[in-house]
Structures are given as C-alpha cells and as structure tokens.
Amino acid sequence: MKPAAAFEAGIAAALANPSLQAALADVPAGFVAGRARVKAALPEFEALRRTGRDIRDHTLAHLDLYLEAFERNAERAGARVHWAATGAEACDIILDICREAGARVVTKSKSMVSEEIGLRARLEAAALDVVETDLGEYIIQIRGETPSHIIAPAIHLRAGDVADDFRRRHAHLDAARDLSAAEALVGEARGVLREKFLTAEVGITGANFLVAETGSAIVVTNEGNADLTMSLPKVHIVLASIDKVVPTLNDAWPLLRLLARSATGQEFTAYTTLVTGPRRAGDIDGPEACHVVIVDNGRADLLRSKLRPVLRCIRCGACMNHCPVYCAIGGHAYGSVYPGPIGAVLAPALAGTAQAGHLAQASTFCGRCEEVCPVEIPLVSLMRHWREMAIDMPGSRRSRALLRAWAWLAERPRAYRPVAAIAAATLGRLGRARGKFAALPFAERWTRHRDLPAPQGRTFQDLYARRKREVAP
Amino acid sequence: MSSEQVLGRIRAALDHDAPRSARTASTVDRLARPPEHPLPARARRPAEELVHQFVAIQSGLGVDLIEVGSPADIPPAIEGYLLGLGLACRLRHGSDPLLVALPWSASPHLVVDIGAARDGDPVGLSRAVAGVAETGTLALASGADNPVTLGFVPDTHIVVLRADTIVGSYEAACALVRAAFDGAMPRTLNLVTGASRTGDIGGKIVMGAHGPRRLAVILIRGVV
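Protein chains in written order, with this note's numbering: chain F, 1 to 473; chain V, 1001 to 1224.
Hints listed in this document are in silico derivations from the structure and should not be mistaken for laboratory results. Glycine included, every Cβ here is placed at the ideal spot set by N, Cα and C. Each hint should be verified, as a subset may be incorrect.
Ranges of calculated distance between the beta carbons of each label pair, as one might list FRET restraints [stated by the list, open to error]: (1) F:Q21 - V:A1180: 51 to 59 Å; (2) F:A181 - V:A1180: 38 to 46 Å; (3) V:P1097 - F:A33: 42 to 50 Å.
The task is simple: from the sequences and hints, build the whole structure.
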C-alpha cells in the first residue's frame, strides 16, 4: 500500500476503534485542561512564548558555533562527544560504545530521536537486551508498537489493555494476581524494571536540551527513570539531535518554564536533571564514562529552507493535544514517528514527501496548534508549504487545472460576478427545499461526511450593493 | 564521522545568512554574558513570601513537610516520621558535613549508614542546596556529600532544606549551586518537584513509578 493510501486506511481503522476513541476522549480533560490551568496561573506565559521563540531562533542562526562550544565544554567535563550525519551512523556509534563496554543489558529512557533512527531495533539485532524504562515506552515495547504520542507513547491504551500485556509478558509472576488497578500495574512494572536498572552496563537517555555554556544535557521526566538510567550503569550515553542545543543555562530556564506547562499541564515535571560529564573524582556513584552522540539526520538541510522554524520545536506535544484531527485519529494513523501538526510538518522533511507529504492534508487549518505552540512555530503556514509542494507534483494535474481556472475567474470581476450570481442562484433554488446538500458533484469527498449548507440565492456583492443603496439617502 | 562533516553542513547553511565573523562575535558575547530573561512575578517576591509559596506548592504536590527549629531536631523528626508511617527506620546519607554532624545516637530507633544507595535501602537522606519557590522545586547537587542514587533508589527520599536557601527562581538556585562548585556544574544537578509519578496507564497519576514513592522535606527554620 502507498503511504497516502495507508494513511486513509489508518484513519478509517482509528475512527472505528472504540477503545482508541475512549482513550482519545480523555485528552481534553487531561493535557488540554491542565495546560489551560497552569497558563492561567502564570500571567507571563504569553510573553514567555515570545522569549522562547527568540532563544530558539538565535540558537538556530548560530547553531554550528553553539554546537562547537557544547563539544568543548562537555569534553572539558570529561564526556566524549560523537557526531553522526545520519541515523545509521548514530546507531553504529552507540553499538560500538555498548560493545566496548561489554554490555548485555542496556536500559533506555524515552527519546524521540532514538525512535526516529530505529536505535532499539539496531541494538536488538546485535543481540543486546534493550529495555525501555519509561513506563509508556515499556508498554509499547512489549506490545511491539510504536509511540502514538511524543510525550505519552501509550496514550492509545487503557488500563485493561496493559493488564493483558503484563500477564502475557510477565509469565513468571502469579497468574492469579489482581491487576485491575493502575497502581498494581505500575508496581509490577517497577519491580520488573528495577532489576534491569541494577544489571544494565549501559544506560541511554535522550536530552531535552544541551547547554553550550556548560556542556550539560538536560533531561526531563516524571518517573525518575532517566535518572536511574544515567546513574546506575557504568556507561551513560546521551543521544540528541543537533537542534537540541541552547546557548546558556539562562536560556534553558525560560524554555523549561514553557515545556512542562505546555506538555502535561504541570508547572514543572517531577525530575529535571542537568547532567555534566561522568563521575567526578571523589564521587561514590554515577557512571565511569559519559558519551554524547549528536545526530543531524536531515536537519541541517532545513536550516536554509522555509522550514527552519520547525527546528525551534521543544517536543512538548501541545500541538497534537489541541489538534482536532489528532484527537480524532490518534498517533498511529499518521504512520510517522512524529504525529500531529508537528509531524505533518517535520515528517515530510525528514522522511521525504513521497513517504509523508500527504500528512499536511491532515489538518483543518484551524490554527489551535499555532496558538498553543510554546515557541510560536507557524505550523499552519508550514503545512501549507507542503500542500503547495504537493500541488506542484505531477499527480496533482486536476487540482492544478481547477485552481488555475479559479484564479483566472477571480482575477476578472466582470466574468466572476455573473458566474458567481448564476452559481448562487442555481444552488439556492436547488437547495431551497432542504436548506442543505447531502451530495454535490466534484465535492463528494466533502459531502460524504457532512452536508453543505445551501446558499440563499444571491451573492455577497449583490447583497452588499443593495444594502448600500438602501442606507444611502 | 568527524564533527567537520556535520558542522560543515550547518555552517554552509548559516554562513549564507550572515558573515561568520558577526555570528562568532554574537556567540562569544552571549556565552560570556548570558542574557537575563524576565522572571515571572512569582519568582520575585520578598524572602518570607517565597518560603510560604514554596511550602504551599510542596504540599499541593503531595510532599510531606516537616519543620524543625534547628539541625539537632532532625533525627527525632525523621524517627517520628518513619515510625508514624510504619516504615523501616533505616536510612543512608552521604558525607555532607551537616548530616554527618547530626546527633543521630539520640534517636535510638534509627539505623544510619553512610554511602551511595544500595538496592533494598528503604530511605535515602540528602541535603538540598536550594529550594525554588516558583514551582516548589528542590535543587540537589551530586557528589560524595550527597550521592545522586539516594534520591532515586530508595522508596522514601527525605531532603533537608534550610529555609534561608529558598530562592525565587531556577536562575537564583543555579547561582547558589555554581557558587558551591567554584563556578562549575556538579555532575548532576537534580531539580526535584514532588515524588516519582506516571500518567502512562490510562492517564491516571500513580506515584512511585521508578524513583521514590514518597518525598519528605525537612525545613530548617532557624539560623544554622
């Protein structure tokens, strides 16, 4: 199946899946209401979004220089910095580090770029026992699924689904145990994963930010899993994409003030950790070695394109939480690592238009995503950019012809007015009985799901001219 | 893969916009003089109000707050807290001078060890460098004095905080941390806002996902 056809099929399946629909119905009361609550409690929130945008724009305009500064300062703190142009190179570097460490068990905290580059599959193919430690990621790992949300990867599941998976996966535990409460499920996962934390030789985390000034990585979680991942094994690997860097610690704080509020609707997540290099002389815990792997994977090309603002993204997920399309179909239907509005903009850039260009159609252009984006990414105009590209593709001949005909007409008022008058009058007469159309030629795809209200029979210009005559003496 | 290949591609894209010399000057300047972004009003209140705000947010987060007048009151406060909850009275802390000097022997139920956390430890005790009033956040710096694992491996984490180290913003807390580390950063600076939690199962918040299920703060009100 072609990606675009698979997308249509995925949408149909998602809409017909009652358990997914029940899970998605909780998003407005959860993340959306939470964000509104904490925003109301911080009067400076809107000003903070502009600060966040400016920090990200400044960083992107000086990205090479801040990355160099990060490398210098991270190595001064004892970390080793590795560079990878592609996802495959990043995977190779990480695999080499794991081999050198003699690793058998590798713990991993949530990292979207690791999903993007297929890291876990690569390490598992090399016979490593790789364990996702974020609870949501662990659940989808044992189900063989991909994340359906960038911060809540198992948002498509209900507690009952998870209980079934745990019974299947944790077969060594008492079959008669009660898993009806979420607390029981969390407790069970805690026990199973604690053992992995204690045996892992390598721990891999992502980074929410890299700080050039100090060579630190900033990692944010609610569970504390990233902290166990980076503190207990003898080797810690940070995987981050080039766009994660910020200039100074002072630049990180405003972004952190925005992140949790926009993401989960918390004022701050339970754990925000700034990690700078490996164990120090005199330390009695922490890893002996710390590696930072910085991967491009197609981002540098975006710097000189119209799409540069998408690299401001701090991966909060607010755009998807507030998207009527995402909330109707969930993340899996998109078929891309990044779903929702940010995915519709980013996925075609990273995976190519043939693979993901159609995702830009998955929007009503209502603009809620732009309104809530903590770094003011113009998501709607960037999605429009992909739609414009799609129009220029050879397969869009009919759309191009229709648009050209429309443009010709719209530029010629003398032709436009009578044509519009005839159309309005005809539709008005035809639709008078019901006041709406259930089906219209050329608009089947629209009317299949909703009625088109019938026009009243006269054009706006006609009504406007008439009113002007009536008002004027 | 050399950094030159990755950075070269970025450089090629950006040098197109502005000359390298101007970009370098702007970067050097920002790193030497980090910008001071506006702080929210809730981070700029008088000291006593900040303490109140910190305490209020912490209790909203489900943190158990115990106020003591002086460090000498800490061992009996911990003993009472653990006994009250029916928890094991065994704890471990690092070589932080304040914690080492406490009169532990006066609290006969407590078994106190020093070192990094071990599997099965019921209680970890740390001292925070600062409290951040804007979100009720504790700032903990890793090291032999306060091993980072004490805050993540045991089921219960108890944190000692001096009220006079409660500041408004993350910026101010970070300045205190860097002052304590000669301007550098500790290996980890842990900003802790409530105990470990997850919402990953059906959106319901459950405590104790991986880190501590329970967080208690002992606030020293008096002068130390």
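We went through each hint and held it up to the structure:
For Q21 of chain F and A1180 of chain V, the Cβ-Cβ distance of about 52 Å falls inside the hinted range of 51 to 59 Å, so the restraint holds. For the hinted restraint 38 to 46 Å between A181 of chain F and A1180 of chain V, the CB-CB distance of approximately 43 Å keeps it satisfied. Distance hint check: the CB atoms of P1097 of chain V and A33 of chain F are about 46 Å apart, consistent with the given range 42 to 50 Å.
Hint compliance for this structure: no hint is broken.
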